[in-house]
Structures are given as C-alpha cells and as structure tokens.
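So the protein sequences, as listed, match chains Z and V.
Okay, so the first sequence: first residue is 1 according to the working numbering, each after it adds one.
Okay, so the second sequence: first residue is 354 according to the working numbering, each after it adds one.
Any given hint could turn out to be false.
To be verified - To give an idea of the interface, some chain V residues facing chain Z are shown, with a C-beta separation under 8 Å as derived from the structure:
(1) H392
(2) I488
(3) D497
(4) A501
(5) S518
(6) E520
(7) S553
(8) I595
(9) V605
(10) L657
(11) V670
Unchecked claim - SDA-like cross-link-like pairs, simulated, lysine to any residue; straight-line CA separation at most 25 Å:
(12) V:K572 with Z:E316
(13) V:K572 with Z:D211
(14) Z:K219 with V:S625
(15) V:K703 with V:D636
(16) V:K572 with Z:D60
(17) V:K572 with Z:S334
Calculated from the structure, these hints are not laboratory results.
Computed from a predicted structure; not experimentally measured.
C-beta: ideal position from N, C-alpha, C; glycine also.
There are 2 protein chains.
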Amino acid sequence: MATVTTQRCANVVGLGLIGGSIAARLVESGWRVHGSDPHPGRCDLAIERGIVSDAGLNPDAEITFVAVPVLQLRGEVAAALAATKGVVTDVGSVKGPLVADVADPRFIGGHPMAGSELDGLDGADPTLFEGATWILTPTSETPDSVFALATAVANQLGANVLALSAEDHDRLIAVVSHVPHLTAATLMTLADRRSEEHASLLRMAAGGFRDMTRIASSKPGLWLDICRANREAIVATLDDFIVGLIDLRGTVDADDSAGLERLLLRAREARSNLPARVRSLEDAVEVRIPIPDRPGSAAQIFTLAAELNVNLANFEVVHSAEGDRGVAVVLVESGQVELLRGGLIARGFKPGR
Amino acid sequence: MATVTTQRCANVVGLGLIGGSIAARLVESGWRVHGSDPHPGRCDLAIERGIVSDAGLNPDAEITFVAVPVLQLRGEVAAALAATKGVVTDVGSVKGPLVADVADPRFIGGHPMAGSELDGLDGADPTLFEGATWILTPTSETPDSVFALATAVANQLGANVLALSAEDHDRLIAVVSHVPHLTAATLMTLADRRSEEHASLLRMAAGGFRDMTRIASSKPGLWLDICRANREAIVATLDDFIVGLIDLRGTVDADDSAGLERLLLRAREARSNLPARVRSLEDAVEVRIPIPDRPGSAAQIFTLAAELNVNLANFEVVHSAEGDRGVAVVLVESGQVELLRGGLIARGFKPGR
Chain Z
1 MATVTTQRCA
11 NVVGLGLIGG
21 SIAARLVESG
31 WRVHGSDPHP
41 GRCDLAIERG
51 IVSDAGLNPD
61 AEITFVAVPV
71 LQLRGEVAAA
81 LAATKGVVTD
91 VGSVKGPLVA
101 DVADPRFIGG
111 HPMAGSELDG
121 LDGADPTLFE
131 GATWILTPTS
141 ETPDSVFALA
151 TAVANQLGAN
161 VLALSAEDHD
171 RLIAVVSHVP
181 HLTAATLMTL
191 ADRRSEEHAS
201 LLRMAAGGFR
211 DMTRIASSKP
221 GLWLDICRAN
231 REAIVATLDD
241 FIVGLIDLRG
251 TVDADDSAGL
261 ERLLLRAREA
271 RSNLPARVRS
281 LEDAVEVRIP
291 IPDRPGSAAQ
301 IFTLAAELNV
311 NLANFEVVHS
321 AEGDRGVAVV
331 LVESGQVELL
341 RGGLIARGFK
351 PGR
Chain V
354 MATVTTQRCA
364 NVVGLGLIGG
374 SIAARLVESG
384 WRVHGSDPHP
394 GRCDLAIERG
404 IVSDAGLNPD
414 AEITFVAVPV
424 LQLRGEVAAA
434 LAATKGVVTD
444 VGSVKGPLVA
454 DVADPRFIGG
464 HPMAGSELDG
474 LDGADPTLFE
484 GATWILTPTS
494 ETPDSVFALA
504 TAVANQLGAN
514 VLALSAEDHD
524 RLIAVVSHVP
534 HLTAATLMTL
544 ADRRSEEHAS
554 LLRMAAGGFR
564 DMTRIASSKP
574 GLWLDICRAN
584 REAIVATLDD
594 FIVGLIDLRG
604 TVDADDSAGL
614 ERLLLRAREA
624 RSNLPARVRS
634 LEDAVEVRIP
644 IPDRPGSAAQ
654 IFTLAAELNV
664 NLANFEVVHS
674 AEGDRGVAVV
684 LVESGQVELL
694 RGGLIARGFK
704 PGR
C-alpha cells in the first residue's frame, strides 16, 4: 500500500529576488507554492520558470511570505492574514514599526540576511539562503507553534535562525547594513565630485574601492523606504560613525602612529572574526529543553541564544514521555552547551544534560 | 644561421606581492630577472619557484623595480640608482615626497593599482596587472627615453599607463584608496564596539558589510607609513568625507526623500561609470605625434591624456622619415581621437591625422 504524503503549501507575495528565491527553494523541496506579484505578467513568468506552482493566495497554506518593499509591508501582511489561516511572515529590512502595527499572533517578523547583485525574479536562486542568517523577531505574544514553524521553514531554506526583538534588530541592522550602504554612496559621490577636478580619478580605483562602493549600485527606492522607516537608528549610528571618523582624522593629523595602529589592528582582528556562512555545526550536541507553560517560550530560547551568540540548529518541538507538554530539541556546537545551559537556567528553563 | 636575441634584464628589489608579481610576469615573458629581498631566504624561495632568475642586482639591467614599504623607498631607490645604469622606478602608494627627494633623471615614480587578498610572495601572480592601471609620475626633467621604457614595460606587464604629477597622484589616491581604507577600518571597529552590546551583531553582517570591510583585513604596517607620508591629502579628504556624512545625516533626519534620492542616484550612476579593467581597446586608431625638441615631451602627452581621460595604449617612439627627431605613436579609442588631438594642439604638439 502506498503511503500518501500531503504536499506542504506556502504562499509568496512579491516575486522579486528574495520572494523568488524562497519560492524556488520551496518548490525544489517538494512544496506547492502559490505566488502573487503586482507587476503584470511576473507571476506567469515565475510559473513558466517553475519557480511557483500557482497564482494567487492559497487560504490553507501553512505559511505566507510577504516579500514586498518596506512601506507596502503593512498592507500586504494584513491582506495575507485576512486571506489565509496559516502563519504570515515578511522579509523586510526594518522591523519595529511593522511588528508594532500588526497585532496578530499569527504574524512573525523576519529578515533574511542575503542578497545578490542580480535584481528581481532574474536573480531568484534556490541556494540564496544557504548558510545565511535569517532573523526572526518574535514578540512575547508569539505562540511557540508560530515561531517553531517559521524557524523550521527558514532552516529548510538553508538558513540559520537568529531571534531578536524588533527593536534590537533595527538598532543593530543600522550598523551592519543601513549605515554601510549610505557610507558607500557618500564615498562614491565624493569620488565623483573629485573626478570633476581630474577626469582620470576613477581610472585609479582598484579592487578595494570597487568592493567598498559595490552596494552603492543598488536601486535607490528600497533605501528611501528604509531610511524613513529606520530613521532614528540610522541617525544615531551615523552620529557614532562621524565621531569615529573625526577621531581618526585627529589621529592621522597628529601623526599618532601608535593610536592609528591600535585602530587598524582592532579593525583587522574584528574583520577576521566576522563569522563565515555557517553550513553545518562541526561537533553538534543535542540539548532538550522542556517548554514551560507560558507563551513565547520557544522564541525566548532563541532570543537568549542570540544574546549569548550561540548558534542553534535543527530546532524542533517534541512531546515529552511524561505528558503533553512540549520539549524543545536544539542542536548546539559542543563547546557552547554549558554557556547555553547557564543562560537557560538563569531565565527559568530546566534544560536536560 | 640562428638569430641571436639578447635577453632583456630587470632587477626587482623587494619580493612581496607586487615585486613578486612583476618578477613572475617578466620571467614568463623571457626576461632575466635579478631579485633581492631583506627577508632571509625569500629570494632563494623565489628562485626555487622560478619567479626570479638570480639573486642580487644586475648593474646592466634596463630597469629596476623597487617594491619595498613606503618609508624604505628613498634608501632603496638611491641604492638602486647607485648600483645600476638603467631606469629605476618604484611601486609605492605615495609619490610626492619620494619624487621630490630623488633628483636623478633615471628615476620615475610608479604605482600599479592592483592588489590581492594574498600577501607576500605567496600571492605573486604574473596576471596581477592584467588590465590594471599603472600610474607613472614623470616630472618635467624626466627624459622621453625613461618615460618610454617604463611605459613599455608596464604595458608588457599587462597594465595601462596613466601619467600624473606626483602631487595629483597623492591628492587623488587619498580619495580612491587611502580614505576608503580608513573608512573600512572605522566601520569595522564601530561594529565591533556595538557587538559588545549584542553578541550576535556580527552574525547579521551579510555580503554588503563584508565587501565594505574587506580591505580592513590588511596588515596595519603599510597603512601607518601611508598615513604619515600622505597625511595632508588624507586629512583634507577625510574632512570632505565627514562633511558629506554630516549632510547625509541631516537629509535622513529631516526625512528629505528627494535629497536622499538625488544622492543615491548620483552614487549609483557614478558606480556604474567606474571603468572596468581595460583589456583591449575596442576600435583603436593610431595617432602619430612628432616629439618636439624639449625634455619630457612623451610624459606630457600622457599627462595630457590623463587630464582628458583618454586611454593610451601601445605607446612607442619611432623615428620619422624626415630626420632623427622621434615620433610618438599611440593607440587611442577611435571616439577619443579628436579630443586628444584638440588637447595636443593646444599644448603645442602637431599630431598627425
């Protein structure tokens, strides 16, 4: 007798680079994916290319990814919540305002840290999230089941989940993404202005300058929305950065080689510690954590792991032998088990050995 | 009867990434290359790897490349001028002080715009300069023969020559290399400081941040020397950059989308105009320019071309049919011929059609 397996279903709203890549990977993994996009013909094209299975929203989909520009997220997330019964998540670069606005517990904010020089559906790549960090921003109201599903699907897309509050996300992402982007643009326009003095200036640009300004070649639209939505954190980070540059200027001007060397050594060391894309844990150990009877426990475990910089892989919730309370099972690098256990105990969890 | 071809000879002082790559390419092209390096054993290793032919300085070498750290250049260039009869050039990142100090007409300053993530002799790569810009900084005292030889050898290494005054070089290189480097380091240390607040910050860094901070991973030593030698231009450029960032901060804070869009569009357009590595001219035309009887004429042709942003390829000096005065023959993209001719006539040259 053949075993009948029900095909898993997802919706993807917005078939650009990120939405297209999510859909492509899910279809590749055997999911049925409904897609929609405001651009006429784009969904048909995605169907033609085998990136999505059907047009429209499937009301019974387990999960709906909303992958539209930042300022359209609120409306599209609300529409998806109204039209479907499953979990809804998004992929926007700013999380605070959206997460505060959408009060529905079926919604969880998300932000996969992956991109490509290619734009739109043409850049859609099922391997885009392989080893990437996928940020989720659960709140204290997020049910374990919602967090667990979003995590499991992000893992299936090849990503590692990092759980942060929406506020932490916005404050931190300004440092590693928004301000670097604006800096690249400022550097590029400075060089462009100077090239009016000497036409060959840009012919002097070698690999370092190209690397630094690469992100300045993306389309402005997305960034206008981001700067509006995350203005406060961006301005605060720019202030810190400007102070850093003024310090540096003083160090160079004073010919303070020792001070400059300290800065450059710190930067070099920090750069070398930048984590590589995590493909698999080297020496993983299973930690079983009974989930207490309070909302948002699974998300709390992940948020704590993020504070401890512990990478959790293969999260799942199983049922304990003793009763119907769930047990979270996570895989952790063996050298980090005690760090995680210490934190869990301090936060009122009872992790097993 | 066999034709006897005399083997061309060069010296390379300093067998790091740049010196090693120069030597490797010349040996590959059939030159005999003498090498020397202060690190014990490095020259032997280079000989073992076939990157140089012999140890020491060949007094009869046509050209000597001095590829040592910026602050050691003056001494090594003087030593090379004393020990050899040929042209001496260097590859340092700052040109003004060196060019002012070395009064010998056999010396011409140089700076190839190429690098690698690999360091030292292990990074030596005969293709490193393929399509790269090689800056030469002739003075009004530089004889045509010296400029012509340095240009021809840079071309043989695969590079395109850009001629600038040493002062222009230092002012412009601060914009496309020195300040970007210091900016990358400042951004990296800012992220590192912020990661003390939240341990997972650096796990949020995706490709854009990695690109922007890549150059912060180089060794500080070189950069301490550069900051000392080019302090004035670096401080002036940092000032401009800081003003640019303060403007930007105001634009974001005021939610001035139109202003921000102008900046981002200008940056995007400038980035897309960044010249790619030139491999060959698409549709090249020969321009013949009789060299007037005044010193430094060949260098003046190139310096003018740089001001006009005209790329000259395949420069050579031939003798005219009418007499013993030289004729410079350059290859130019056909669309740029009239621009170059206009400039040449204005500067007192008599270019042919």
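Results for each hint:
1. Among the interface hints, the one on H392 (chain V) is violated; its C-beta lies about 21 Å from the nearest C-beta in chain Z, farther than the 8 Å criterion.
2. Because the closest C-beta pair between I488 (chain V) and chain Z is about 7 Å apart, less than 8 Å, the hint holds.
3. Because the closest C-beta pair between D497 (chain V) and chain Z is about 21 Å apart, greater than 8 Å, the hint is violated.
4. Checking A501 (chain V) against chain Z: minimum C-beta separation of about 20 Å lies over 8 Å; hint violated.
5. Interface hint at S518 (chain V): violated, since its Cβ lies 10 Å from the closest Cβ of chain Z, which is beyond the 8 Å cut-off.
6. At about 11 Å, the closest approach between the beta carbon of E520 (chain V) and any beta carbon in chain Z exceeds 8 Å, and the interface hint on this residue is violated.
7. The interface hint given for S553 (chain V) holds, since its Cβ lies 4 Å from the closest Cβ of chain Z, which is under the 8 Å cut-off.
8. Hint on I595 (chain V) holds. Least Cβ distance to chain Z is approximately 5 Å, under the 8 Å limit.
9. Annotation: V605 (chain V) was flagged as interfacial toward chain Z, and the flag holds, the nearest CB pair being 5 Å apart, inside 8 Å.
10. Because the beta carbon of L657 (chain V) sits about 11 Å from the nearest beta carbon in chain Z, more than 8 Å, this interface hint is broken.
11. A cut of 8 Å between beta carbons decides the hint on V670 (chain V): the least distance to chain Z is about 22 Å, and the hint is violated.
12. With a CA separation close to 44 Å, the supplied pair K572 (chain V) and E316 (chain Z) exceeds the 25 Å bound.
13. Annotation: proposed proximity of K572 (chain V) to D211 (chain Z) holds, straight-line Cα distance about 18 Å (limit 25 Å).
14. Note on K219 (chain Z) and S625 (chain V): the hinted pairing holds, with a Cα-Cα distance of about 12 Å set against a maximum of 25 Å.
15. About 23 Å separates the Cα atoms of K703 (chain V) and D636 (chain V), which keeps this hinted pair within 25 Å; it holds.
16. This hinted pair does not check out: K572 (chain V) and D60 (chain Z) have alpha carbons roughly 56 Å apart, beyond 25 Å.
17. Between K572 (chain V) and S334 (chain Z) the alpha-carbon distance is near 33 Å, which puts this suggested pair outside the 25 Å criterion.
Hint compliance for this structure: hints 1, 3, 4, 5, 6, 10, 11, 12, 16, 17 are not met, and every other hint is.
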